[in-house]
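Visitor: So the sequence lines, in the order shown, correspond to chains A and B.
Each residue of the first sequence is one higher than the last, beginning at 2 in our numbering.
Each residue of the second sequence is one higher than the last, beginning at 906 in our numbering.
For the record, the hints were derived by calculation from the structure and aren't laboratory data.
One thing to keep in mind: the hints can contain errors.
Said to hold, decoys possible - Have a look at the derived ranges for each label pair, beta carbon to beta carbon:
#, chain 1, residue 1, chain 2, residue 2, range
1, A, G345, B, T1053, 28 to 36 Å
2, B, A1055, A, G26, 18 to 26 Å
3, B, L1029, A, G173, 38 to 46 Å
4, B, A1017, A, G173, 15 to 23 Å
5, B, V1058, A, D105, 31 to 39 Å
6, B, A1055, A, G152, 50 to 58 Å
7, B, L1029, A, N362, 14 to 22 Å
8, A, P158, B, L1032, 56 to 64 Å
9, B, V1058, A, M138, 29 to 37 Å
10, B, P1050, A, W347, 20 to 28 Å
11, A, N362, B, R952, 32 to 40 Å
12, A, P201, B, L1029, 34 to 42 Å
13, A, R231, B, L1032, 23 to 31 Å
Claimed, not checked - Only pairs whose alpha carbons sit at most 20 Å apart, straight line, appear in this in silico SDA-like list of lysine to any residue:
#, chain 1, residue 1, chain 2, residue 2
14, A, K203, B, V1060
15, A, K203, A, G261
16, A, K203, A, S159
17, B, K950, B, E920
18, A, K206, B, V1060
19, A, K206, B, K950
20, A, K206, B, E1049
Ideal placement from N, C-alpha and C gives every residue a C-beta, glycine not left out.
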Amino acid sequence: MSQAAAACQAVAFRGVQIADWWGLGGESASVIRIWHRPGPTILAETSSASDGSPSGRLADPGVTPGQDEMMTVSSPLLALMSENYQLTYGGRGTVTGRKAQVIDVRRPGGGLAARFWLDAATKLPLRRELFDSHGAMFSKDTFVGLRVGAGQLGAMPSADGQPWSGQLGAAGRAALRAKGWRLPAALADGLTMFKATESPAKSGKVVELSYSDGLSVISVFVQHGQLPERLPGWRRVAAPGREVYASDPDDRSLAWSADGFVYTMIADAPTGVVDGAVLDLPHDTTPLGIAPGDAARNVRALNGAGLNGAGLNVAGLNGAAPNGAAPDSVPSDSAAPSNSAAPGFWQRIGRGLRRIWSWVNPLG
Amino acid sequence: MSHLGHRLSALIDGELDGEGRDRVLVHLARCDSCRSEAVALRTLKRRMGALGEMNALGDTEADSALAGRLMGLAGLTGGLDGRGGVPLTPWSAVAASGHPGGRPGWPEVKPAWYVLGGAFTVFLAGLGTAAFMAGGSPHLPEPEPRVTPAVDVFVLQHEMVIGERPARPSPSFSLSTTPHGP
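With the sequences and hints as input, model every part of the structure.
Guide: Here it is, written out as structure tokens:
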């Protein structure tokens, strides 16, 4: 697998990937054209139902274009994969006519978590299958066309969009925690923060926290504010006692408010892992009055709900102790700003005026 | 409710005499309500009379005008003691005259401005009090801005985490399922 990570950096190639996903909303698929020059980034162009390119869509009317999921192997994720799973040689195989070596990725208990087909010649990944904790496949990515070599790149398009450049190191995260931001270093199911960036926003700034166990990748975007009362295009998911909203049928793009912050989660992970991650992050109230211990037990019950689970069934759970996930180095609760200091007269007047305005503002 | 009508006022003002005065007094002896009204009228007259005396002693014109206005508000006509005296000057008349009897040498201020300034002061005081009360409770959270997640931007950033960069869409997008060698 380390050879695969190196190949994804060093080998020039282009091709087409078919990305299938089986989620709560049924099967979805994307067709992704990929170009790669030696370097850390891979250009990807994904087909969609709205781009007017019927040739790029799958013919099956029951399959809908989904959130694109590009297959690659990177060193940071490989390191996390090695920590959380056992990698074993699974034999030989063939993918679209190319000879391949099969690598099985197994959970500590022995269950199959993923299977990779690596090109025998270049070590590039040709196929990847991901399985949930029940052994059901929820993701399959396959190269259906692969051309290797710089001469095969053809008319390579230009990149559209830039990643956020504001790296948020440990010191920066600690400073934010001291101001009340809750930025856990780990989430349930072995998801570890491997990258943190920030970007300016209208509400102040947005912090992106990226978590992975080597296979699943979850990004959590945190920003000051609260969700509006109406969220066009979003629907509330089955989370009694919580207000969690999803913008996609698979519940892979989620958002909610907590303690003056808005959390948005983008997940490439099975349902059970997404559930556990959502429950590990802050939520507003405990309307059902369930004690944290009960919440923790329910979190464990939710994990592994798998494809046939009920999705986000976070009944009455709140801010519970993470399910085996270590809290960040600075406990976020204790790092919250203290309210004990009485505000000055003019501060109090100003805060009161803002509150009154928020009460009477019809557009608020 | 008086049964005597204007005769009660005339009695208080000392304008009745003889048989008419006797009839009114006999009625007052038997009627509690008219007697109470007579007492009230006497009290009012006494107080108005005191204000009139202040005016007569050479107090300021402003005080005189104030007494006149008070009498106007009380609905009395004909002067302080019912026999003439200072004419009533309601606010509207004062405003129309442009000189309500203010102190000589002071800038002229129309009463409407007093009303407006008073109302504004009361509003500011009320708003300040409300803001002070609302801003002090530790249980009320600081109002946070409403934020609609920019999910499209976030999905893009999420994909870039693993090294993917979106390519500018090309006009033609065709599948190629034929494998090719290196």
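Visitor: Please go over all the hints and tell whether each is borne out by the structure.
Guide: Do the hints match the structure? See the list:
1. A:G345 with B:T1053: 28 to 36 Å: holds, 34 Å
2. B:A1055 with A:G26: 18 to 26 Å: Holds, at about 22 Å.
3. B:L1029 with A:G173: 38 to 46 Å: holds, 43 Å
4. B:A1017 with A:G173: 15 to 23 Å: Violated, since A1017 of chain B and G173 of chain A (Cβ atoms, about 60 Å apart) do not stay within the stated range.
5. B:V1058 with A:D105: 31 to 39 Å: holds, 36 Å
6. B:A1055 with A:G152: 50 to 58 Å: Once the Cβ atoms are compared, 39 Å apart, the range 50 to 58 Å for G152 of chain A and A1055 of chain B is violated.
7. B:L1029 with A:N362: 14 to 22 Å: holds, 20 Å
8. A:P158 with B:L1032: 56 to 64 Å: Between P158 of chain A and L1032 of chain B, where Cβ atoms are some 58 Å apart, the hint holds.
9. B:V1058 with A:M138: 29 to 37 Å: holds, 30 Å
10. B:P1050 with A:W347: 20 to 28 Å: The hinted range 20 to 28 Å holds for P1050 of chain B and W347 of chain A, with Cβ atoms some 22 Å apart.
11. A:N362 with B:R952: 32 to 40 Å: violated, 51 Å
12. A:P201 with B:L1029: 34 to 42 Å: For P201 of chain A and L1029 of chain B the Cβ distance comes to about 37 Å; the hint holds.
13. A:R231 with B:L1032: 23 to 31 Å: Holds, at about 30 Å.
14. A:K203 with B:V1060: holds, 18 Å
15. A:K203 with A:G261: Answer holds: K203 of chain A to G261 of chain A is near 15 Å, not above 20 Å.
16. A:K203 with A:S159: Roughly 28 Å separates the two Cα atoms, so the pair is violated.
17. B:K950 with B:E920: OK: K950 of chain B and E920 of chain B at ~14 Å, within 20 Å.
18. A:K206 with B:V1060: holds, 17 Å
19. A:K206 with B:K950: violated, 75 Å
20. A:K206 with B:E1049: Holds, at about 14 Å.
Violated hints for the displayed structure, listed by number in ascending order: 4, 6, 11, 16, 19.
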